[in-house]
Amino acid sequence: MSLIQLIIDLILLAWLTILTILYLIRRQFNIKIVKNKKLSKAKRYIVFYVITEGRVNGIDIEKGIRNSVKELLGSIWLDIANPKVILYREDTQEGIISTNRVGYKTVLASLPFVKEINGNKILIVPRRTTGSLKRAKRIIGLK
Amino acid sequence: MLVIESCILNSNLFPYAKKIGYNLVFSEDGLIGIKRVTFSVENGNHLKKILKGISREHMLVFVKPLSIDSLKYAIINKRVNAIVLDDENSKIFRKTMLNLIRTQNKFVEVPLKSSKALIYKAILFSYKWIPNVIFSSYAKNFNELWNPISKISYLTILGADEEEAYKFVILNPIRLLYEFNSINN
Numbered sequence: 001m002s003l004i005q006l007i008i009d010l011i012l013l014a015w016l017t018i019l020t021i022l023y024l025i026r027r028q029f030n031i032k033i034v035k036n037k038k039l040s041k042a043k044r045y046i047v048f049y050v051i052t053e054g055r056v057n058g059i060d061i062e063k064g065i066r067n068s069v070k071e072l073l074g075s076i077w078l079d080i081a082n083p084k085v086i087l088y089r090e091d092t093q094e095g096i097i098s099t100n101r102v103g104y105k106t107v108l109a110s111l112p113f114v115k116e117i118n119g120n121k122i123l124i125v126p127r128r129t130t131g132s133l134k135r136a137k138r139i140i141g142l143k
Numbered sequence: 001m002l003v004i005e006s007c008i009l010n011s012n013l014f015p016y017a018k019k020i021g022y023n024l025v026f027s028e029d030g031l032i033g034i035k036r037v038t039f040s041v042e043n044g045n046h047l048k049k050i051l052k053g054i055s056r057e058h059m060l061v062f063v064k065p066l067s068i069d070s071l072k073y074a075i076i077n078k079r080v081n082a083i084v085l086d087d088e089n090s091k092i093f094r095k096t097m098l099n100l101i102r103t104q105n106k107f108v109e110v111p112l113k114s115s116k117a118l119i120y121k122a123i124l125f126s127y128k129w130i131p132n133v134i135f136s137s138y139a140k141n142f143n144e145l146w147n148p149i150s151k152i153s154y155l156t157i158l159g160a161d162e163e164e165a166y167k168f169v170i171l172n173p174i175r176l177l178y179e180f181n182s183i184n185n
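One line per chain: the protein sequences are U and E, in this order. Per our numbering, residue 1 is the first one in the first sequence, and the count goes up by one each step. Per our numbering, residue 1 is the first one in the second sequence, and the count goes up by one each step.
By construction, these hints were calculated from the structure, which means they are not laboratory data. One or more hints might be untrue.
Unchecked claim - Covered by chain E, according to a simulated footprint, are these stretches of chain U (three or more residues, beta-carbon under 8 Å):
#1 97-108
#2 111-118
#3 121-128
Note that CB positions come from ideal geometry on N, CA and C, so glycine has one too.
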């Protein structure tokens, strides 16, 4: 009986020792666990409007924005930010760019570098950045 | 809130500037907003002659010095409201001159058309020496204008804190205007 008790005590001691060692190692190397990985992937929607002399479409605007992001910070940041014009209203010349929380500043900074599309002078002006597509649509007057 | 674009080269751009979020502009032709003039000067005597020639009317005087002598004179002279730093004259902004700018509390303007390296350098200068830096678009056409949000994001990407970027874009032009008005009134 006492032998069984001794074995159980030894197992418990070994288990506690392993736990203590793991705890100390983690403290020593200051390992930070990312609790919510989704935060860095959270979507951001930039509502913008366009001032232009002629007519432009959403695809050309997206090409222009992607080129300017690439020109400003290179292809790595283009892949990170991955800006896409998901909605563009040609009647009001307003639209929505989808990007993420990490790259939205890159997209905002690169908008003034889009100066010409298909020979038309263009100025893309960000109006508001939001985390919800529903709200972004409401801003440009869509339900 | 008052948001000022500190340099447009063509007053016809004011409606566009207003549309993208500015209330006031400093324009080179002076038809709309507050008139500003920019002089490129080779030496101190040249600047003296220019400053004698201009009347003391309501206009902001910006000087782009091309030599250390002219830079020194521009910093000391009270008639000069701000000094322009760009790719052409960045080499003359040495430590002694930067210290002089700090002691005289002078404004320094950097065009956003300048290279990214210079803008990065200006941001570094602002942390150590020049607290009053302004970033201007120097727009001739409407597509060269920079909106305030993009300006702040651009400066943040190039190494400025968000608070500092806000100061460069929003607060410093207001301070320049305030100083200009207090001298003239």
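Here is how each hint holds up against the structure:
Here the stretch 97-108 of chain U counts 3 residues with a CB under 8 Å from a CB of chain E, which clears the bar of 3, and the coverage holds. For the stretch 111-118 of chain U, the assignment as covered by chain E holds, since 4 residues bring a beta-carbon within under 8 Å of that chain's beta-carbons and 3 suffice. For the stretch 121-128 of chain U, the proposed coverage by chain E is satisfied: 5 residues have a C-beta within less than 8 Å of a C-beta in that chain, meeting the threshold of three.
Hint compliance for this structure: no hint is broken.
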